[in-house]
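Here's the letter readout for the chains.
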Amino acid sequence: MTILPTLKCLTVAAAILASTTVLAFAKDITISVWAGGTGPNDTYRLDAIEIAAQQLEREAAIRGEDLKIKVEKTPYADWESFKQALTLAAEAKKAPNIVATGHEDIGPWSQAGLIVPIEDYVDLDSWPLNGIYENLMEIASFNGVVYGIPQDAESRPMFFWKPYMKAIGYSDADLDALPQKVQDGGYTMANVLEDAKKMQDKGLVQPGYGFYPRNSNGPDYWQFYTSFGGTMEEDGKLVFDKAAMTRTYQFFADAVKDGVTKKNHIGMPGDQWWKEVATGKAGIWHGGTWHYARLVKQEGLTNFFDNVVFTLIPAGEGGKANTLTHPLVYLLTSGHEKEETEIAAQLIKIASEPRINVLHAMKSAHLGIAKAESEIDLYSSDRWAREATERLLPYANAMPNNADFGTYWNIMWKGLEASWTGAKTVDASIGDVETELKSTLGDKIVIR
Amino acid sequence: MKSSRMLGLIMIAPAAIMILLFFLMPVVLTGVFSMTNMTTATGISGGAYQIAPHSLNDLKSTMPDIAEQMSQPRYTIDETGLKAVEGLGLDAGIATELRAKHMGEVFKTRREAERMIKGLDQGPSTTQVKQISEQFNRSVVNSRFSSRQELFTALDTLGFKLTDAQKDSIAEATYTGWNWTTENFSRIVSSPDMARVLFNTLLYVALVLVLFNTTYAMLLAIWTHYMPAAPATIFRSIWLLPRITPVVIYVLMWKWLAWDTGFISVLMGKFGYPPKNYLLDNAYNAWLFVILINGFIGASMGMLVFSSALKAIPKSQFFASEVDGASRWQQIRYIILPQMRWPILFVTCYQTLSLLASFNEILLSTRGGPGKATEVWSLAAYHTALNNYAGNLEYGLGAAMALVLVVIGIVLSLFYLRIFNYGTLVSRPLIED
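The listed protein sequences correspond, in order, to chains E and W.
Taking UniProt numbering, the leading residue of the first sequence gets 1, the next gets one more, and so forth.
Taking UniProt numbering, the leading residue of the second sequence gets 1, the next gets one more, and so forth.
For reference, chain W alone in the conformation it holds in the complex (with noise of 0.2 Å):
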């Protein structure tokens, strides 16, 4: 018994694993990376800290006079310069002219400290010039130091002796790495535009699931089944095709439909209408193909759910119903659709999620337009976390909003479970063990 279950254990050991990486691990991560104000510019793995001049500009109002001594960018030709010089092994020529010649000298910036090297006798060249300017530089503006202590024991070597409180705000204004925050959630909760997308994303799940994922599934796969098996079988393979089809190649067709040089703006030509695109003419339009886009992908997977289901129910009830003399009405309204319980069940509760999750098609057709009219989360997500014409990616919002989609997901699937009363359809057998 106890070997048998280790045996149990061992054996599914794989796939737990691969459920750890691949699906717990996301949904962590998502949680961690939505607790912090991660950008590309704080960076993932953690920041550094530099005294850049828009942190001195923040210390400034509390700290005025060392703000003001810490943003002196000065090159100083001192004895300990010339003593670091002499032991990066160069022409002994070169410390022994700048000791002569500039000792006591300061330089504003670097570029003017190594314009004074440059012209030493020696004539030492641009990598020697970077090396000896470094040994000059007694400030620390633009620095990086990679932690706290190193800022400080550079800050303390440079004459600057500071309290516990000062050290603290000047390394939170130095911080170049991301913090710890909710402001993610009271941005979503606060922002005017969270709200439409939200409807929008409502909208969209809604009417695809009702038109396309269960009403017009229902329908197809109830004509297919009054259909003979070889006409079923090609009508069923149609609409299988946009669900095959790359998505890419399949958006795109529906683009030539509507695009201003399209199908619908020929053929509206040929009445006299002006060519337009039709997809992004409006938000109505772009709704509608939105919604067609996608519904046409979705309907295929409830046709098969409920082909499959009407094919397990036994013939039997139909001849008996005909025999009775139902019509085809009565058939569906009183055999087919109280069997289809389930299955209508299982088709909402998967198609729900996938819909709340998925935005390539969108991405590929409107890209959310006209106007954002079209954005949903997961697309708002997507545009927040991976799109910045800047290049600062805001990975903590974009977590945020992708946790949000989580919890939704997690509480609709609870729900859903309950209403299939998942307890009784996984029960216990009661001839074993």
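Here chain E stands alone, though its shape is the one from the complex (with noise of 0.2 Å):
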């Protein structure tokens, strides 16, 4: 009679044990993932993950461990938004595990402790990372630690409207010379000027839309500046080249007195500048590799090459023609589980794969991080991704990651907007650049 009931309970128990038996084998974690900028082409940079979650998940399987990631992801259109979001979820510990951004976010929120470096959980010589271009990890480091793995690499070209150049006199043999021209130095940024105005003095484009930059603050106001032989950091010291920033706020403010830009371009709405550049109301206008995406897919313009030749930022007074590279890195940050970060950081190896990357630089128009990806069919076979990792990618700069960047940045980019819209003559706005300068950031920058 009393054997019963304790038989009863070891069976129970031994149920129970063995119901958690089970669970210590089975894993749900829940990675979360944000990424800025990422508009309906870029949307690779979270499904990557979420592929490589899958993947993740099969090894574990063949290993024996039932694995389960769900992976939360968490696209932003814009940056702004982005940023804000991110940086004050990271102060509230509340960061995503992933984060897709600006390889120059790196400086400061490394030194905030926001994030922490990959290399600790990854192996670096292993591939696919070992195949990464060299120069884009570079880019994704701080410190001489490796941060981020580089999600994605672009460059910042100037176009030309084929049209028009033609009937302002150059042939078709001189438009395929074009981009070695500029390479060589031949063609400049005073060229630029000149053309734009020819083509609004045949009234080929109206007046303004000669040559049309980019409508709002970006990282391609730096490659004039380099274009204009200034030079950002030198020896982990940011720089202020006050003659070549000179030139650079100078040329624009030409542009506007030579009535080929206009004053009020800067903050005019982002679909107009689009579509206006998309159906040849624009002469010469410089963008990203990946504006071909969205101007064959989204505005239309599906005979490209065509109407569209595509060259280096031409060199002004004192520099070299040059371009731009702005990184995305997946970032690991901190205030999670080691164990959740030890998947996540899985999770971007995987997704760093070359067949799963590619799929993000094909559909976004963006640059491989890897040779190997050039050697897949979707990649070779594209005209674009082919010749623009050519043209391009060899000759690109990157902004330094430095954690007082920014606020070199933002008082930059003030004096730029002044000059430009003439609200300050070029030598005011440098002046005042200076002088914010040194109030701001010490002797954190060399002023020359």
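No wet-lab data here; the hints were simulated from the structure.
Everything numeric in this text was worked out from a predicted model, so none of it was measured.
Hints may be right or wrong, so weigh each one.
[Said to hold, decoys possible] Dumping the calculated DSSO-like pairs for lysine-lysine here, alpha-carbon to alpha-carbon at most 27 Å:
#1 K338/E to K167/W
#2 K237/E to K198/E
#3 K281/E to K257/E
#4 K93/E to K270/W
#5 K338/E to K130/W
#6 K237/E to K166/E
#7 K255/W to K275/E
#8 K270/W to K202/E
#9 K162/E to K297/E
#10 K237/E to K162/E
#11 K198/E to K275/E
#12 K166/E to K281/E
#13 K257/E to K166/E
#14 K338/E to K83/W
#15 K60/W to K438/E
#16 K130/W to K68/E
#17 K255/W to K237/E
#18 K320/E to K297/E
#19 K83/W to K118/W
#20 K83/W to K281/E
#21 K237/E to K130/W
#22 K338/E to K93/E
#23 K444/E to K167/W
#24 K83/W to K237/E
#25 K444/E to K60/W
#26 K257/E to K197/E
#27 K108/W to K275/E
#28 K255/W to K281/E
#29 K83/W to K371/E
#30 K27/E to K130/W
Dock chain one against chain two, each of which comes alone in its own frame, and use the hints as you go.
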């Protein structure tokens, strides 16, 4: 009579024990990932992590582990709200596990301890990480530590509307040779203004549409500073080259004075800019390699190569032709369980495999992060990807990862906007920028 | 008596707590933030100590030898490390092989050390490699220490003998968090742009207040006063539309009006003018639109206040004046306006403060452009504290700018209360207590 309840108890205990053993093997993990500047063409920034999660689950299954990874994806179409959201979430200890953002955030975010170095979690010598372009890996590092894994690469070319270039006297052969001519320094920023003026004088484009730059602040404007001989950073210290910055400001002030660029261009609606560029309302403009995707897929410029030729940003006085690459990087944020971060790091590693990354590169017209990627049919058979990689990527610079670069950038942009719109003369702007840089950054910036 | 006071305090407690939390705390925190150099990089909740290359650069000028020693990133295979590896509970062969083949080796970087560890016969996994390499880390470069104590304990373990003065300089150079400073205010005073932003703010507040919030609102109130009731109600309702429309949609409608492809461009196109962005064409246009956008919203509030005040004027005064042959203008001048002194002062006071703090319409329409022409103080504070392309938000400076607004607001409030003669308005009734 007494043995039965004891047996019952034992059975129940055994059953509970057995169920906990099963539970111990089953692991449910939620990995959240946020991406900035991610429009409809860039969704693979997030989807790649999801694909990687499926792969990791299968690998775990083979090892006999029941791993379930739920990926929570949050895209932000713009940068402003994304950076606000992320920095504030991180301060509130609510940051996502993975974040895809511009590499320039590494400086301030690592100082604040918001991110942890990915090199603590993955073997950088292993595939596919060892196949990623060395210069991109450097851009993802700060203080000699690899914090992130490049998510994409791009560069920012100058575009010319072919029919108008022909109308002002360029032959097909001239246009074919233009990229090389720009690279060799035979076609300069001064020529850009000249040709833009010619297009307007001939009535091909309306006043203010000859040279049609980016309509908002962005990394693009540092390319012009480089074109005019400026250096952003040297030996870990920011550099403000007064003469080069003066030439840069003067270029935009001249463009406005000549009437080839609108005084009120900055702040114009983005959609309007895209439409005008895609329909040949502008003569010469600059943008990024990913613009190809939007122009062709969203704006209907299907015969892109018949209408557009693209080159490096031409050399200005004192500088050389260049372009800027602004890779996004996958970063791991701090404050999570070690196990979660380890899995997040694994997911980033898998997402960086050429076959997965190429999906993003091709859908969004970004450039590949590894040589192996350019050997995948999807990539190599695409004229844009091939030409843009060859023509631009080898000459690409990047902005420095420096915690104070954002401050420098804000001040530089304020000055550029003031001289562009005529609110101040170029000299006054430069003077004010210098004063503000001195009072704000002190000896963290070399002024020369 | 005493118990009723107590009850009063209890009754008011929830409201008092709300005021403390949502009115006073933000002001106090703004004050605290404004006295710091807080940014995203320094963090809000405090910093750590990190011997990063740039901090070593700073130290090189004052203590070159120590800086040089500290900058040596090295991974050394030594007995301490091997003991620690044995304690990790990994395959015993790993420590044995390391001791036999690699004892005394020094690696400049973690990556080089890990390459060696990966090559061991046991073939440790990536996680194990990371665990093992950590045991041989004999460098403090890039390590984060949560307190000063931890930093110096680590340095002490590595054999650095430091004086107190040296410790202070090292702690200062390696601290990643924020410091107390009054620099924000000197930056505000010395920056050439701040004066311009202040001027913009004064221009904005004065124009919107004078043209719309008071004058135009008064005109609306008087017009509707002399209208028959039904059309007056319809007219007032129409003027309430800008206020009740969600601000994003309201501003978007203005943009549709003023964009290159908008209504004005299309209309002017009929007369042969090329399309242009009228909103941002030049600073004057931008100001015109900013004032109209805000003015149309602001006018409705004044209109309501003035209309109700008008209703309170005894009708007999109007009848009497008409019998005396007064014109409309004379009625306005001698009957209406003198009795509107308090409502006008109230609207002026209230709207000045709300205009000083408001920036959403400007942010949505011109974003402070073109070329910062319409950047007002509150928008500039927002841009500084919450907008930076390179991910480094300047909370400290932004808070200092916001604090300036708080101070201006308090000073103006006190000034207005004095003009209102607040004391007489709330003076104790003579028949109670």
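For each hint given before, does the structure comply? Return the numbers of the non-compliant ones in rising order. The structure breaks hints 1, 2, 4, 6, 10, 17, 18, 20, 21, 24, 27, 29; every other hint is satisfied.
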